[in-house]
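Protein chains: 2
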Amino acid sequence: MREKQKKGWKRIDRKKVFEAKDTKTVYMTLFQDTVQTQTGKTLSYTHYRSSNVVIIVPFLDKETLVMIKQYRYPLNKTLLEFPAGHVEKGESPLHAAKRELREETGYRAKRVEHIYDYHPSVSKSQQVVHVFLATDLANGVTDHDSTEDIDVEVVNVKELESMIAEKRVQNAGTLIAYLLCCSGIKNMINRRRNESG
Amino acid sequence: MREKQKKGWKRIDRKKVFEAKDTKTVYMTLFQDTVQTQTGKTLSYTHYRSSNVVIIVPFLDKETLVMIKQYRYPLNKTLLEFPAGHVEKGESPLHAAKRELREETGYRAKRVEHIYDYHPSVSKSQQVVHVFLATDLANGVTDHDSTEDIDVEVVNVKELESMIAEKRVQNAGTLIAYLLCCSGIKNMINRRRNESG
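First to last, the protein sequences are chains D and C. In terms of numbering that gives the first Met the number 0, the first sequence opens at residue 0 and continues consecutively. In terms of numbering that gives the first Met the number 0, the second sequence opens at residue 0 and continues consecutively.
Heads up, some of the hints might be wrong.
Note that identical chains are pooled: a pair holds if it fits in a single copy or bridges any two copies.
[Stated by the list, open to error] Calculated pairs, SDA-like style, for lysine to any residue (alpha carbon to alpha carbon, straight line, at most 25 Å):
1. K40 <-> P73
2. K6 <-> L78
3. K76 <-> E102
4. K6 <-> T141
5. K5 <-> K76
6. K68 <-> D142
7. K15 <-> E147
8. K5 <-> E158
9. K6 <-> N75
10. K157 <-> N186
11. K5 <-> R101
12. K15 <-> N75
13. K9 <-> F58
14. K20 <-> T38
15. K166 <-> G183
16. K185 <-> N155
17. K6 <-> F17
18. K40 <-> R191
19. K76 <-> H113
20. K61 <-> V151
21. K88 <-> S182
22. K40 <-> N186
23. K9 <-> N138
24. K68 <-> D148
25. K15 <-> H143
26. K20 <-> K109
27. K166 <-> E152
28. K61 <-> V111
29. K14 <-> R48
30. K185 <-> V156
Read the hints as simulated data drawn from the structure, not as lab findings. On a predicted model such as this, the values are computed, not experimentally measured, just so you know.
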């Protein structure tokens, strides 16, 4: 089944109401648009643009993942996550994945493979998250940036699975990365990729 | 393994820079905070508050899901999703789940069960998504709100699985709902819940 694309809404006006960025990364550019919907109704729609993100799922071996425990200020909580970060200006998602893996965990990977793209926040943003699988790892030195409070954690896949079953994994990115790289879906994705050549 | 909670960051100042809300729902209240990190460094952190969200995974029978095709303005795309919406002021997540299911698809469910909570955007927001499973369905009339351009779609679980394997499911919520309610993890969650009583 293919999703038949609906008639799009028409943008009548756009106001930029906020921006937070630096030379490498757009954290958030917030827009308030006046739009006309498919029924002709006019309304205000708030949404933001943000640099895309990479998530990396690094396997030390078939059963062992390299994860991180990161403090997250908006939640005032420490969460178990996969290394991740923004795609900086001028770099490819693949380059960002290798860089973030090294900076956040110290590991370098001989093999980094693009697995999937998804939108994390479809009602609010165009942002894309690119999911990568990293294998054949070698350890090295981390390079955390000023906003990161991160500890590296080596985790067995079964242990992560147990944590999800106990509802202890709270980060959307971690749940999706588990689905795509550690569950039965992973083999289906590989098979489809091999079939399509 | 329990995530040892790290020392939190300290908020020094808060500025509310934008707000979009109505009487029932906070769409976004954007804050720019001045914070002191765990290393004593001072920096600016942008984040938003937003009403929590419910996603409902409705099973017509063991193999058949009720889904929706929804136009998403920030992406200018039509996506395959599960019914979902904000928890309105004064209502419980369970009430929101039943209401959104009925409004978006017309279906009412005799059984609506809370499955999981997760944070969709850990770097930007405190927002929580509550995932519900709905079974024993009866059909009825939809009640779409003015911003919704939605068609109801009955989808076989295996068909959804194929679409994920072909990388055609782009919405984070749909991927997570599939993981928690349609994959092997679902049975593990049930077993843990029964064990803990």
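Quick one: K6 to N75, C-alpha cut-off 25 Å, is that within a copy, between copies, both, or neither?
Classified as between: cross-chain Cα gap 9 Å, same-chain 41 Å, threshold 25 Å.
query = Using 25 Å as the alpha-carbon threshold, which applies to K185 and V156: within, between, both, or neither?
reply = Both: 13 Å inside a copy, 17 Å across copies.
| request: Tell me, please, which holds for K6 and L78 at an alpha-carbon limit of 25 Å: within, between, both or neither? | output: between (40 Å within a copy, 13 Å between copies)
Exercise. Measure nothing new, just compare the shortest in-copy and cross-copy C-alpha distances for K76 and E102 to 25 Å and report within, between, both or neither.
Key: within (22 Å within a copy, 34 Å between copies)
Taking 25 Å as the upper bound on the Cα-Cα distance, should K15 and E147 be classified as within, between, both, or neither?
between (28 Å within a copy, 24 Å between copies)
message = At most 25 Å between alpha carbons: which applies to K166 and G183, within, between, both or neither?
response = Answer is both; intra-copy 19 Å and inter-copy 14 Å each pass.
| request: Since the copies are identical, ignore which copy is meant and state whether K6 and T141 lie within 25 Å (CA to CA) inside a copy, between copies, both or neither. | output: For K6 and T141, only the inter-copy Cα distance (20 Å) is at most 25 Å; the intra-copy one is 48 Å.
- Item | Intra- versus inter-subunit Cα pairing at 25 Å for K40 with N186 | neither (45 Å within a copy, 44 Å between copies)
Copy assignment of K6 with F17, given that the CA separation must stay at most 25 Å = neither (29 Å within a copy, 30 Å between copies)
field: Homomeric proximity label, K185 with N155: Cα distance no greater than 25 Å
entry: both (17 Å within a copy, 20 Å between copies)
Within, between, both or neither: K76, H113 at alpha-carbon 25 Å | between (29 Å within a copy, 23 Å between copies)
Check your understanding: Between the shortest in-copy and the shortest cross-copy C-alpha distance, which are at most 25 Å for K61 and V111: within, between, both, or neither?
Key -> Classified as within: same-chain Cα gap 15 Å, cross-chain 37 Å, threshold 25 Å.
Hint violations for this structure: numbers 13, 17, 18, 21, 22, 23, 25 and 26, all remaining hints satisfied.
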